[in-house]
Amino acid sequence: MFERAAIKDLLEWKNKSNRKPLILRGARQVGKTTAIEMFSKYFDNTIFLNMEEAAHRELFNEKLSFDDRISAVLLFGSVPKDSKNTIVFIDEIQMSPQAISTLRYFHELTPHLFIVAAGSLLEAAIDIKASFPVGRVEYLMMHPCTFREFISALGETEMLSLLDEIPLPAFAHQKALELFKKYMLIGGMPEAVATYSTTEDIVQVNSVYESLLTSFLDDVEKYSKESFVRVIRHVIKSAFSEIGNRIKFQGFGKSTYTSKEIHEAFELIQKAMLMQLIYPASSVKIPIVSDYKKSPKLLLLDSGLLHYQSGIQKEIFISQKPEAVAYGRLIEHIAGQMIYSSFSNPSASINFWAREKKQSNAEVDYIYQYRDRIIPIEVKSGPSGRLRSLHQFVDMTDHNYAVRLGDSLISIENAVTVKGKQYKLLNMPWYLAEEIENYLKWFCQSN
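So for the sequence shown, our numbering puts the first residue at 1; every next one is plus one.
Any given hint could be a false lead.
As the list claims (entries may be wrong) - With a straight-line Cα cutoff of 30 Å, these simulated DSSO-like cross-link-like pairs (lysine-lysine) come out:
no., residue 1, residue 2
1, K41, K16
2, K358, K421
3, K14, K81
4, K8, K41
5, K237, K248
6, K419, K285
7, K16, K84
8, K441, K357
9, K41, K63
10, K424, K181
11, K81, K41
12, K254, K84
13, K254, K222
What the hints assert, rightly or not - So the derived label-pair ranges between C-beta atoms look like this:
no., residue 1, residue 2, range
14, P169, D398, 33 to 43 Å
15, P287, E165, 43 to 53 Å
16, L109, N15, 17 to 27 Å
17, E413, T199, 34 to 44 Å
18, L162, K441, 10 to 20 Å
19, D82, K441, 30 to 40 Å
Derived from the structure by calculation, the hints contain no laboratory data. Note that the structure is a prediction, hence the values are computed from the model and not measured. Just so you know, even glycine gets a beta-carbon here, dropped at the ideal spot from N, CA and C.
Let's have the full structure, built from the sequences with the hints guiding it.
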């Protein structure tokens, strides 16, 4: 299995002097357990616990004192009590309220132990059973594989090295676009990436997608009432065709479900991290504030799942240019996925910008806070396209930086809005969307 970028974040956590127990967040099957298995090579001792196992849950029996719980865990792992380099990984922790409550004591009473916990649908489980101790744990978000991780899995080491250069050399552009087309098709779910890297057979990958969708549904349904399952299934099925659209809860997916039913279904699905609602902001100044009164868009977990469920894999696979079949909304979607995957903070969110006035509506695909500025990002599916909304944003802001994601080489344009304001436009290829922070640093410092 290829190494995940999260290992770097985990090592930073390991080396912190004020380290707290770590909650590893992320959707089912994004590779949390595998990442910890890789991470465990940096320890002398490893104890893996799965709270779906009754014997493992018994180690945290509420009748046991904290000291006895620790002794039981160490005995289970055949690890001496005085060991100084031991990691304890508690998987599916949502199945044990006692294990969750025990986390509050690890930081103060056993700082020599490295505690990592993970699970599926943690928030839903918390709502029902227990709560994580505030201020006594820290969090790390894991996403599906990034473009970098994808090309690493394919063995493209030279391209991986070139991506470290800012700006990327022009001679690497066409090869990167070809790899991006594959990434669009396959997505970033680790099992799908691993299967494709060894077989290059999309048919075999499709069975992975089907299994993933089934496991997501099973997971969500664990924490919902039986009568509510049909609403959840409808929302998930309908969501794939609503990508790129502003949605309304009432009658979502041409249904008769109420706004309340659809909203509650989305809340649970978001807790499973299968998809999220992204809301507009209306200000051009920090902080970015989501306007929950306005219609949101959808951001799904993975483009591979999206294309499989939408039935457009063949068109993407045989096309010479991704934009020929993906259209603006799908290109816009994967760009959002890639930007969002650059966030390791579970509370981080992604937004678009909207100005809704009579005869003067405007919408910018994404906005990104870089230091004290909000940078507008427009995503174009082809070589040309108007930037009317981006111009409105630039006219309203007090800086002169903007980004356009497309199929062109990296370049910086001296541009002018319709109203005559001069600004700098950074043109970036789609495949660099997840590198937005590094490129904004280069862009702003050099202009």
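query = What hints, given by number in increasing order, does this structure fail?
reply = 8, 9, 12, 15 and 19
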